[in-house]
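Trainee: Listed below are the residues making up each chain.
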Amino acid sequence: MSRWIDIAALDDIPARGARVVKTAQGCIAVFRTHDDRVFALDDACPHKNGTLSEGIVHGAAVTCPLHNWVINLETGMAEGPDEGQVATYQIRVENGRILLDASRLSARSAA
Amino acid sequence: MAEKLVIIGAGMASGRMLEELLERGADYDITLFGAEPRGNYNRIMLSPVLAGEKTYEEIVTHDADWYRDNNITCRFGETVVKIDRKAKQVVSAGGVTPYDKLVVATGSASFFIPVTGNDLPGVVGFRDLDDVEAMTAAARKPDGKAVIIGGGLLGLEAAAALKLQGMDVTVLHLMDHLMERQLDPAAGYLLQKELESRGINVICNAHTKAILGHDHVDAVLLEDGTIHPADLVVMAAGIRPETRLAVDSGLHVERGIVVDDSMHTSDPHIFALGECVEHDSVVYGLVAPLFDMAKVLARTLTGETAAFIPPAVATRLKVTGVELFSAGEFDEDDGREDIVFRDPARGIYKRLVLEDNRIVGIVMYGDTADATWFFGKLTMAEDIGPIRETLIFGPAYQGDGLADPLAAVAAMPAEAEICGCNGVCKGTIVEAIADGADDLGKVRAATKASASCGNCTGLVEQLLASTLGDDFEAPTEQPVCGCTDLTHDDLRRIIKARALKSIPAVMQEAGWKTSCGCHVCRPALNYYLIAEWPLEYRDDQQSRFVNERNHANIQKDGTYSVVPRMWGGITTPQELRAIADAAEKYNVPTVHVTGGQRIDLLGVKREDLPDIWADLNAAGLVSGHAYSKGLRTVKTCVGTDHCRFGTQDSTGLGIKLEKILWGSWTPHKVKLAVSGCPRNCAEATCKDVGVICVDSGYEVSAAGAAGMELKETEPLAKVATEQEAIDLTVAFIQLYRENARYLDRPYKWVARVGMDWVRAQVVEDTDNRAALCARFEVSQSVYRKDPWAEQATDEHKQNKWSPLADLTLEAAE
Ligand code: SRM
Ligand SMILES: Cc1cc2nc3c(=O)[nH]c(=O)nc-3n(C[C@H](O)[C@H](O)[C@H](O)COP(=O)(O)OP(=O)(O)OC[C@H]3O[C@@H](n4cnc5c(N)ncnc54)[C@H](O)[C@@H]3O)c2cc1C
Ligand code: SF4
Ligand code: FES
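As given, the protein sequences belong to chains A and B, one line each in that order.
In terms of the working numbering, the first sequence is residues 1 to 111.
In terms of the working numbering, the second sequence is residues 112 to 924.
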């Protein structure tokens with residue numbers, strides 16, 4: 001079951017940028033692309049836990065600030081020769097508001 | 112005794128002829144007269160020099176050593192005023208010089224259209240280095256306006272170059288379309304559109320009536336009454352063979368000095384070659400045929416028989432980013448057919464003119480990759496009947512698997528011409544490579560291929576690659592990243608020339624292949640735009656690496672380091688107390704004294720950054736920019752304040768420099784040091800700029816390094832006053848800001864442009880030094896400020912430093 005929580009306005013995140021949502025399990029990075037698509041991923045690079053929310057966002061990808069791995073925002077997979085994946089979260093944008101599916105959060109805390 | 116050979120004119124034709132003559136071991140006592148106060152250089156490359164893409168030094172073909180080594184008596188800066196054929200001597204300011212054999216190689220002169228005002232100061236031709244210097248000087252004035260009369264090869268190269276130099280440029284062209292002698296109307300139109308999109312104003316059917324002005328040109332008046340204001344007028348409406356000497360001495364002259372196949376004039380002791388001659392009723396204006404004449408004349412002078420056979424010539428426009436090629440005939444004519452290919456979306460146009468199934472004309476715009484292949488077929492008069500259907504698509508579509516450019520050059524016949532200017536065919540180059548010429552420079556030296564206009568450089572490199580295989584390392588400049596084919600230098604030029612003032616504008620105009628770039632190109636673009644348009648461009652935070660966006664260095668665990676500025680390494684008990692208090696208050700795990708004479712607080716949490724900055728600000732401490740591609744530190748020693756050896760106030764100068772330079776963005780980080788005496792305790796000689804104080808003044812040096820590479824600085828200049836030391840430093844850094852590639856430290860940049868060039872800009876040219884300082888100050892009016900103070904506001908805390916939402920409770924449910 002999806003449980004949608006209104007977390008912020010789209011405009012609270014700069015285009016080609018990100019901000020974080022704090023959760024009990026750690027931070028989720030919420031990205032906004034140049035064409036106003038929004039993605040949510042764990043804010044920890046599969047390489048060495050780099051803060052993905054501080055990376056440079058380009059197309060539907062982010063470059064990790066620590067060692068330049070490029071992470072695909074749609075899949076959470078590392079692109080190119082690097083291997084690894086970050087957990088992703090469902091996001092909806094409605095009427096300029098960003099909704100996050102919190103079911104995974106509770107599911108994980110329950111687990 | 113050797114015969115006396117006198118040559119009038121030290122230009123491209125006579126230069127080549129001398130090389131050929133010396134190679135044949137001819138025994139002459141040679142005297143070379145040149146009206147220009149310098150020896151032979153590659154005149155073709157004056158356009159890139161004017162555009163600032165090359166320096167004069169790079170285009171010199173024969174230097175003083177060459178003339179000396181070959182025992183040539185040089186009379187440069189000396190115009191020959193008379194040829195006395197009876198006495199067999201020439202007359203110049205230096206007296207009379209007898210000859211046994213005389214070569215006239217006087218070239219041509221710019222044609223000044225006969226209207227009133229054509230002799231006003233500010234009206235120049237485009238022929239020699241003096242013209243280029245006059246234009247460059249005019250371009251230095253802010254907001255200068257240039258009017259170019261003539262929309263042919265020369266005029267358009269001048270227009271593009273002057274636009275790059277920042278001038279407001281208008282081209283006045285008499286005919287319906289540009290370069291009408293080389294291009295058909297369709298290609299002329301595409302070219303016009305391209306130039307207009309670069310901000311060049313093009314007016315066709317423009318009949319100049321007069322050039323207006325009193326003691327200097329003010330404007331150009333057209334027949335239709337319109338007036339075009341001008342600070343500079345460039346006459347590029349044509350050239351006239353320079354035949355005055357020949358006419359006065361009674362030689363047979365028509366449009367040019369008439370020569371036979373062996374380059375004899377009507378006087379058996381006098382020869383002529385180059386643009387000043389007429390052969391078989393034709394006068395030439397491109398170097399390829401002149402170089403053929405040079406070979407012929409060298410043979411004639413060594414007693415061999417040789418005959419000049421006029422070659423087919425091709426034209427390319429040397430404007431960076433414009434692909435244009437034309438050769439042969441393209442007028443509509445009975446019995447001629449056209450094959451035309453157009454791709455309007457990509458601005459590509461190709462036209463082949465056929466006669467009896469042979470290519471007689473080629474016009475290409477937008478994509479000239481196949482030009483050499485077509486031109487080969489034109490010069491060989493090859494029957495293209497069998498491949499006519501697919502001919503226009505070039506070699507890639509001929510079903511012989513030649514889509515790969517390397518395979519295509521490998522498949523070329525040995526006699527295919529690679530270098531049009533120097534008539535060098537593939538076989539000659541391959542031979543040279545086999546004999547050990549394993550890079551571009553060596554192939555150039557051995558064969559002259561690509562040594563003139565340089566357009567075949569790519570082909571020569573492909574030949575090297577296909578001949579040497581894996582042993583060949585392409586020296587070509589790499590594109591910035593996968594999002595574009597442009598190099599860093601291309602980008603900087605385009606941003607300036609097309610007045611592009613935002614990242615989307617650059618990506619649109621330069622045809623980015625990705626939607627919004629990547630982490631490699633965006634920071635570079637952001638820097639180039641800041642450097643070019645400091646007052647207009649708005650810094651794009653999303654194109655900044657995290658450290659510059661957050662004004663702190665990210666650590667491996669996601670915390671940050673905070674380094675406040677300590678001007679010149681000087682601090683006070685009160686500042687130290689504030690740092691200590693902050694370290695305690697924010698639980699800073701590590702306090703380290705840096706190699707840059709200040710204190711680093713490592714391990715600060717992201718959300719604490721605005722607060723720790725506010726605390727430090729309150730004690731008067733500001734950001735040390737330990738994270739930026741900008742000014743880092745200015746190390747100093749204690750100098751005259753305390754040290755028994757100090758000669759000048761090194762600490763004071765260091766602080767002054769740091770206060771002037773802080774906050775500025777640069778291509779890479781910049782570090783300075785000032786030492787009070789040659790003992791050099793501040794280690795000034797391994798910095799980006801280092802100053803060493805001595806009794807009589809300041810020794811300023813630059814381009815050192817002590818990171819991944821170790822390099823001593825090179826001297827810039829020694830100056831007497833502190834102000835000069837400051838100006839020199841600021842001018843050097845501004846020159847670096849305006850010219851270097853993103854992420855090149857000064858030492859890498861200087862290695863490319865040469866310290867001599869840098870010195871010419873900031874040491875010798877004092878006007879330029881002042882202009883650079885002024886431009887730096889304009890930029891600093893925006894950027895000389897503390898980013899910490901800006902970022903520590905409530906608004907920023909809300910929008911940037913706090914989380915978007917806090918779901919800790921939510922998740923715990
Ligand atoms: C803090 C400091 C070490 C220290 O504790 O002493 C330091 C720390 C770092 N240096 Fe450095 N460098 C420090 C002085 C130096 C010096 C010595 C100097 O400045 O006198 C050098 C050699 C001189 C030079 O720059 O040529 C130096 C050459 C480098 C280089 C190599 C640069 C090069 O062009 O070869 C890098 C890598 C880079 O910049 O790309 C680098 C990069 C770094 C980074 C920024 C690595 C990074 O990207 O995270 C380190 C950041 C640590 C942090 O979070 O604060 N650091 N680094 C010094 C800070 C000086 C300051 O007060 O600002
Ligand atoms: C800006 C520019 C771009 C060009 N681009 C191209 C190109 O891309 N491709 C191409 O093929 N060609 C190009 N050309 C044309 C090419 O440069 C000329 O064809 C070539 O230089 C002609 O050689 P020359 O030796 O006949 O004359 P020049 O090179 O002009 O040399 C003649 C020399 O004689 C000197 N002289 C004249 N009279 C006297 C006298 N009485 N006493 C002493 N010295 C005298 C002159 O000062 C001059 O230095 C270009 C020319 C210019 C100006
Ligand atoms: S030397 Fe290497 S490890 Fe040490 S601070 Fe500099 S970059 Fe970091
Ligand atoms: S931690 Fe992200 S690339 Fe290394």
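It should be emphasised that the hints constitute simulated quantities derived from the structure, not laboratory data.
Heads up, some of the hints might be wrong.
As the list claims (entries may be wrong) - Below, computed lysine to aspartate or glutamate pairings styled on EDC-like, alpha-carbon distance capped at 20 Å: (1) B:K908 x A:D82; (2) B:K667 x A:D12; (3) B:K559 x B:E835; (4) A:K22 x B:D719; (5) B:K193 x B:D378.
Trainee: Taking the hints in turn, state whether each one holds.
Mentor: Okay, the hints, checked on the actual structure:
A C-alpha spacing of about 35 Å is found between B:K908 and A:D82, which places the hinted pair above 20 Å, so the restraint is violated. Between the alpha carbons of B:K667 and A:D12 the distance comes to roughly 27 Å, so the proposed pair goes past 20 Å and is violated. With a C-alpha separation of about 45 Å, the suggested pair B:K559 and B:E835 falls outside the 20 Å cut-off, and the hint is violated. Of the supplied pair hints, the one linking A:K22 and B:D719 holds, its CA atoms being roughly 16 Å apart against a limit of 20 Å.
Simply put, B:K193 and B:D378 have alpha-carbon atoms about 15 Å apart, close enough for the 20 Å limit, and the pair holds.
Violation of the numbered hints given earlier is confined to hints 1, 2 and 3; the remaining hints are satisfied by the structure.
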